[in-house]
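As a plain string of letters, each chain reads:
Protein chains: 2
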Amino acid sequence: MAFQYAYMFNELIQKLKQYDTVGVFSHIRPDGDCIGAQVATCLWLQENDIRAFAFNDDDVPLNLKWLADYYPIRQPDEKSLQKCDAFVLLDGNSPKRFGSYSDYIQDDPKPTYMVDHHPDPYDGFDFSISVEEASSTCELIFHLFLQNDISQLNEDAAKALYTGILTDTGSLQYDSVTPETMSIASELLRIGGFRPNEVAERVFSNKSLNQLHLLSKAMGTIELYEDNQIAVMYVTKEMLEETNTTNDDCEGFVGYPLSVTGIKAAILFKALGDGVKMSLRSKSNDVNVNKWARKIGGGGHKKASGAWHPGPLEETIKEVVEIGAEQLVSVDKS
Amino acid sequence: MAFQYAYMFNELIQKLKQYDTVGVFSHIRPDGDCIGAQVATCLWLQENDIRAFAFNDDDVPLNLKWLADYYPIRQPDEKSLQKCDAFVLLDGNSPKRFGSYSDYIQDDPKPTYMVDHHPDPYDGFDFSISVEEASSTCELIFHLFLQNDISQLNEDAAKALYTGILTDTGSLQYDSVTPETMSIASELLRIGGFRPNEVAERVFSNKSLNQLHLLSKAMGTIELYEDNQIAVMYVTKEMLEETNTTNDDCEGFVGYPLSVTGIKAAILFKALGDGVKMSLRSKSNDVNVNKWARKIGGGGHKKASGAWHPGPLEETIKEVVEIGAEQLVSVDKS
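First to last, the protein sequences are chains B and U.
Under UniProt numbering, residues 1 to 334 are what the first sequence spells out, in order.
Under UniProt numbering, residues 1 to 334 are what the second sequence spells out, in order.
Okay, chain B solo, but in the shape it has when bound:
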């Protein structure tokens, strides 16, 4: 794998060094991994005397704004886009994940490079580094420095890369974290001269009081079904209104029902107006929530999927749990 990375990144480095100006996009509705990778990539370009623009259609989330102090992130405009000789797309597997980039590039085709770790990558880019097994795009971008000149990795870039590894792995807890991931995290701490709490507190200790009150209400709804194998939690429009919160404030909530001891799967239902959206999570190899979600017209991955149901809430819960129960039964029989 190390050799494969060296080969891929050497090729990317040679390509990028041809240009005077490069536009670097993070995906729409940005998260810690794409913003971290974007900031570090721009700092790398700058270190190598290549002018860099960091673009995103959307605002940087509140808990990541400090990263934009390391390198400014702007909304793309015609004039800036025209100045770019090439583009780098980070942490997304197809042009449409990058908003106005996908429109612009049709009128004014320019070389585009992608670095990403999502499955099923679009194959029309000029060069792509797509490694599904990587914990994060930030883990990949570390090799951009490693293969060129590791001394160009400064404190800011180290913290940016650490942020993406941290946020895309649930604090280094997911099964995507390899010994190599952990060893890169160690190198980032050493090179950057910081401790993990500096990044973790900025990224995670940023709840609003309203959000905690919403979480309180939602957590009170958790119930277990099917012999305590399925945990269900819900959020209603009324709860959002009572706590002055929005759908975005539900981020991460599904982890709470999923943390109940002994369960195999958890579902968060959100009845926010237009039917009921749901997030399905499995913590058992026996339960494939992708199969489950597909039966309701949704889909995703084995351990994490989503779906929609016309509602109302009570019927939705009953129906979705029953569909899950069938899968639990077929597991018991197999």
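Don't read these hints as lab results, they were simulated from the structure.
It is possible that some hints are incorrect.
[Claimed, not checked] Below, simulated EDC-like cross-link-like pairs (lysine to aspartate or glutamate); rule was C-alpha separation at most 16 Å, straight line:
{"#": "1", "chain 1": "U", "residue 1": "Lys264", "chain 2": "B", "residue 2": "Glu198"}
{"#": "2", "chain 1": "B", "residue 1": "Lys283", "chain 2": "B", "residue 2": "Asp175"}
{"#": "3", "chain 1": "B", "residue 1": "Lys302", "chain 2": "B", "residue 2": "Asp175"}
{"#": "4", "chain 1": "U", "residue 1": "Lys264", "chain 2": "U", "residue 2": "Glu314"}
{"#": "5", "chain 1": "U", "residue 1": "Lys96", "chain 2": "U", "residue 2": "Asp123"}
{"#": "6", "chain 1": "U", "residue 1": "Lys283", "chain 2": "B", "residue 2": "Asp175"}
{"#": "7", "chain 1": "U", "residue 1": "Lys302", "chain 2": "U", "residue 2": "Glu133"}
{"#": "8", "chain 1": "B", "residue 1": "Lys303", "chain 2": "U", "residue 2": "Glu201"}
{"#": "9", "chain 1": "B", "residue 1": "Lys17", "chain 2": "B", "residue 2": "Asp126"}
{"#": "10", "chain 1": "B", "residue 1": "Lys96", "chain 2": "B", "residue 2": "Glu133"}
{"#": "11", "chain 1": "U", "residue 1": "Lys283", "chain 2": "B", "residue 2": "Glu198"}
{"#": "12", "chain 1": "B", "residue 1": "Lys303", "chain 2": "U", "residue 2": "Glu198"}
{"#": "13", "chain 1": "U", "residue 1": "Lys264", "chain 2": "U", "residue 2": "Glu198"}
{"#": "14", "chain 1": "U", "residue 1": "Lys83", "chain 2": "U", "residue 2": "Asp20"}
{"#": "15", "chain 1": "U", "residue 1": "Lys303", "chain 2": "B", "residue 2": "Glu198"}
{"#": "16", "chain 1": "U", "residue 1": "Lys217", "chain 2": "U", "residue 2": "Glu238"}
{"#": "17", "chain 1": "B", "residue 1": "Lys283", "chain 2": "U", "residue 2": "Glu238"}
{"#": "18", "chain 1": "U", "residue 1": "Lys96", "chain 2": "U", "residue 2": "Asp120"}
{"#": "19", "chain 1": "U", "residue 1": "Lys264", "chain 2": "B", "residue 2": "Glu201"}
{"#": "20", "chain 1": "U", "residue 1": "Lys303", "chain 2": "B", "residue 2": "Glu78"}
{"#": "21", "chain 1": "B", "residue 1": "Lys283", "chain 2": "U", "residue 2": "Glu201"}
Put chain U on the given structure of chain B with help from the hints.
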């Protein structure tokens, strides 16, 4: 530091190899770090043909029972204690942290060794490795293997050590985590051939439904004081009764008020019958909660302290917040 560890652990290794039978104690009210260190140390002794007993006065917590499958942990009894030629005490800084050990040793003195990372260690042991800067006792015990024969570190011992590092660092997020800690975590994953989720899910995904309902009620009480600088949360006896929970179920709750964006300190008050116990936490270098707690007759560390107040709850909150406010004012002036 590496040289210092080598020297200390070589000395400990030579001492332990003199004995046929060693009793290994983890501290009373055990946690992931002491149990992980205990299991790994017993496996190390076994690998080196030394008979090992793992002792604890208390039960192993539910979320750590799987570690006791790697090496049996028993309550100390006269007969087993008599069989031991020496004792090793793990993750506690004085004999009284080890329950019945401290009584037994007075009647039947035997060589005792300590490995720990708490401040102010008792200095009467025959040999101690006490490193306050270490993230965890498990990080220290890794060097027992490293200095002797790293090939003796098997999958079980690696998972045991990983558990202690994980639980004592809030999932590798505290400021006690150094590049060295992270690099040891990487080695444990590599040598043990496992991924972090295997340990993290066992250790952290073990909430009872009742505990989540208690957390729901407690989270609903969070309020901000002193220009949103202090977050307060409380738990009452009635809440425990309504949710069929105990004081133990409040473990970790103080992290929720502490996660509110922009605050400097958080307090969890527990009015469970006999006055009001409180946990004070700071996330600002400006606020020393040890000084704060001392004014109410408590104490601890700068960032984490505890205290007791006769109550009732409402007056306690008012008084404790006012004392904290003085400190915030004196900070503003300094």
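The hints, checked one at a time:
1. Lys264/U / Glu198/B: holds, 15 Å
2. Lys283/B / Asp175/B: Holds, at about 12 Å.
3. Lys302/B / Asp175/B: Distance ~13 Å between Lys302/B and Asp175/B Cα, so the pair holds.
4. Lys264/U / Glu314/U: Violated, at about 21 Å.
5. Lys96/U / Asp123/U: Within the cut-off at roughly 13 Å; holds.
6. Lys283/U / Asp175/B: Cα-Cα ~30 Å, so violated.
7. Lys302/U / Glu133/U: Roughly 15 Å between the alpha carbons, so the hint for Lys302/U and Glu133/U holds.
8. Lys303/B / Glu201/U: Roughly 14 Å between the alpha carbons, so the hint for Lys303/B and Glu201/U holds.
9. Lys17/B / Asp126/B: holds, 15 Å
10. Lys96/B / Glu133/B: violated, 22 Å
11. Lys283/U / Glu198/B: holds, 11 Å
12. Lys303/B / Glu198/U: holds, 15 Å
13. Lys264/U / Glu198/U: At roughly 34 Å apart (the allowed maximum being 16 Å), Glu198/U and Lys264/U break the hint.
14. Lys83/U / Asp20/U: holds, 9 Å
15. Lys303/U / Glu198/B: holds, 14 Å
16. Lys217/U / Glu238/U: Cα-Cα ~11 Å, so holds.
17. Lys283/B / Glu238/U: violated, 33 Å
18. Lys96/U / Asp120/U: holds, 14 Å
19. Lys264/U / Glu201/B: holds, 12 Å
20. Lys303/U / Glu78/B: Cα-Cα ~50 Å, so violated.
21. Lys283/B / Glu201/U: holds, 9 Å
Violated hints for the displayed structure, listed by number in ascending order: 4, 6, 10, 13, 17, 20.
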